[in-house]
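Trainee: Using my numbering, the final residue of the sequence shown is 507, and nothing's skipped along the way.
Be aware that a few hints might be false.
Claimed, not checked - Derived pair list, reagent style EDC-like, types lysine to aspartate or glutamate, alpha-carbon separation capped at 16 Å:
#1 LYS377 with GLU248
#2 LYS275 with GLU290
#3 LYS264 with GLU305
#4 LYS285 with ASP337
#5 LYS364 with GLU290
#6 LYS275 with GLU343
#7 LYS364 with GLU315
#8 LYS261 with GLU305
#9 LYS275 with GLU315
#10 LYS347 with GLU362
#11 LYS264 with GLU247
#12 LYS264 with ASP310
#13 LYS275 with ASP324
#14 LYS377 with GLU273
#15 LYS313 with GLU273
#16 LYS264 with ASP299
#17 LYS377 with GLU290
#18 LYS264 with GLU248
#19 LYS364 with GLU319
#20 LYS377 with GLU407
#21 LYS264 with GLU232
#22 LYS364 with GLU305
#23 LYS377 with GLU352
#24 LYS377 with ASP349
Keep in mind the hints are simulated off the structure, nothing from the lab.
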Amino acid sequence: MNKRLISLITGIILLLIFASILFIFQVRQSEVAVVTTFGSYSRTIEEPGMQFKMPWPIQKVYKFDNRLQSFERKFEQTTTGDAKPLIIEVYVGWRISDPRIFLERFNGDVLKAERNLESLVRDAKNSVIGQHPFRDLISPREEDLKFDDIESEIVEAIQSEAKDGYGMQVEFAGIKQLGLPESNTQKVFERMRADRQRLVKQYQGEGESRAMEIRSRAEAESTRILNEARAKAIEIEGQAEAQANEYYKVFQENPELAELLLGLEALEAATREKTTIVADPTTPPFNLFREGVKALGENKSVGDLK
202 MNKRLISLIT GIILLLIFAS ILFIFQVRQS EVAVVTTFGS YSRTIEEPGM QFKMPWPIQK
262 VYKFDNRLQS FERKFEQTTT GDAKPLIIEV YVGWRISDPR IFLERFNGDV LKAERNLESL
322 VRDAKNSVIG QHPFRDLISP REEDLKFDDI ESEIVEAIQS EAKDGYGMQV EFAGIKQLGL
382 PESNTQKVFE RMRADRQRLV KQYQGEGESR AMEIRSRAEA ESTRILNEAR AKAIEIEGQA
442 EAQANEYYKV FQENPELAEL LLGLEALEAA TREKTTIVAD PTTPPFNLFR EGVKALGENK
502 SVGDLK
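With the hints as constraints, model all of the structure from the sequences given.
Mentor: Listed below in structure tokens is the structure:
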């Protein structure tokens with residue numbers, strides 16, 4: 202009895218497993234699924250989890266990776282808007298936006314989808330680059346480069362057709378590598394050298410102009426200071442002459458005082474250091490010694506009389 206029960210339970214379990222294989226499938230977080238019924242589209246499943254289906258051949262499930270995928274175009278030559286040859290490699294980031302279109306167009310084959318996307322990218326790249334001059338891609342001046350604009354234009358050129366025709370959403374495009382044909386490399390270097398020399402001359406001219414401006418300001422400031430100094434000197438000289446005129450008036454009124462003061466100044470200058478003087482006592486200003494002694498003697502005589 203126990204053996205029969207165990208066999209029955211085992212049979213039920215196997216049946217459930219077989220039924221789950223036939224009627225249940227799982228969609229992962231990174232997947233999107235398309236269910237077809239007798240080969241025709243039935244529904245799209247974008248939410249992860251366990252899902253129910255009819256067994257094959259009634260229904261069939263196709264699963265696709267819905268994560269962002271990267272695709273690179275090979276390194277190939279194109280021509281700029283000013284007829285300059287250029288070698289460029291472009292990459293794009295894409296994801297499946299419409300699983301039904303993707304399945305019906307490519308039968309779920311990612312490689313086939315990327316081959317078709319490659320054609321779109323090539324045409325868009327050639328069209329966009331053909332509308333831009335060479336300096337937008339290669340230039341010694343960073344402000345001349347237009348990489349962001351070019352990449353955005355490539356995305357815009359392929360986004361609509363990729364989404365509506367392929368079920369693929371192009372998220373971004375980028376320029377991975379740039380190159381020059383060997384025949385044009387020397388010409389480009391020469392032009393870049395000429396641009397650099399032009400910039401050097403420009404900066405030198407700006408520096409010389411700045412130097413002239415600084416020198417002009419310095420000369421103006423120097424002239425102003427000299428003029429102020431001359432004006433101050435004239436003012437001081439005028440004040441000195443005015444004071445001298447006052448002294449001259451005093452000396453004219455009392456010439457003896459003037460003669461005495463001048464003599465004292467001369468004596469001070471002659472005796473400022475330790476000096477031995479041999480001179481006629483009657484010679485000015487040394488006569489002041491004799492007159493001073495004479496004056497002392499007279500004062501002494503007057504004192505004796507008192």
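Trainee: Against this structure, judge whether each hint is valid.
Mentor: Tested hints:
For a cut-off of 16 Å, the pair hint linking LYS377 to GLU248 is broken: about 35 Å separates their Cα positions. Between LYS275 and GLU290 the alpha-carbon distance is near 6 Å, which keeps this suggested pair within the 16 Å criterion. Distance hint between LYS264 and GLU305 is fulfilled; the C-alpha atoms sit about 13 Å from each other, no more than 16 Å. A C-alpha spacing of about 12 Å is found between LYS285 and ASP337, which places the hinted pair at or below 16 Å, so the restraint holds.
About 23 Å separates the Cα atoms of LYS364 and GLU290, which puts this hinted pair outside 16 Å; it is violated. Using a Cα cut-off of 16 Å, the hinted pair LYS275 and GLU343 is violated, with the two alpha carbons roughly 26 Å apart. A threshold of 16 Å between alpha carbons decides the hint, and for LYS364 with GLU315 the separation of about 13 Å falls inside it, so the pair holds. With a C-alpha separation of about 14 Å, the suggested pair LYS261 and GLU305 falls inside the 16 Å cut-off, and the hint holds.
Proximity of LYS275 to GLU315 is assessed by CA-CA distance (about 13 Å); at most 16 Å being required, the pair is judged to hold. As the CA atoms of LYS347 and GLU362 are separated by approximately 24 Å, the hinted pair breaks the 16 Å bound. Between LYS264 and GLU247 the CA atoms are separated by roughly 10 Å; this keeps the pair inside 16 Å, and the hint holds. Among the hinted pairs, LYS264 with ASP310 is consistent with the structure: their alpha-carbon atoms are about 11 Å apart, no more than 16 Å.
For the hint linking LYS275 to ASP324, the alpha-carbon distance of about 13 Å falls within 16 Å, and the restraint holds. Taking the CA atoms of LYS377 and GLU273, the gap is near 9 Å; set against the 16 Å cutoff, the hint holds. Proposed proximity of LYS313 and GLU273 is supported: the alpha carbons are some 14 Å apart, at most 16 Å. Taking the CA atoms of LYS264 and ASP299, the gap is about 12 Å. The hint holds against a cut of 16 Å.
Distance restraint check for LYS377 and GLU290: the Cα-Cα separation of roughly 5 Å lies within the 16 Å cut-off, and the hinted pair is therefore satisfied. Distance hint between LYS264 and GLU248 is fulfilled; the C-alpha atoms sit about 12 Å from each other, no more than 16 Å. The straight-line distance between the Cα atoms of LYS364 and GLU319 is roughly 14 Å, inside the 16 Å bound, and the hint therefore holds. Restraint check for LYS377 and GLU407: the C-alpha separation of about 37 Å exceeds 16 Å, so the hint is violated.
Distance hint between LYS264 and GLU232 is fulfilled; the C-alpha atoms sit about 6 Å from each other, no more than 16 Å. In summary, the hint linking LYS364 to GLU305 is supported, as the alpha carbons are separated by about 13 Å, within the 16 Å threshold. A threshold of 16 Å between alpha carbons decides the hint, and for LYS377 with GLU352 the separation of about 11 Å falls inside it, so the pair holds. Between the alpha carbons of LYS377 and ASP349 the distance comes to roughly 12 Å, so the proposed pair stays at or under 16 Å and holds.
Consistency note: the structure conflicts with the earlier hints numbered 1, 5, 6, 10, 20.
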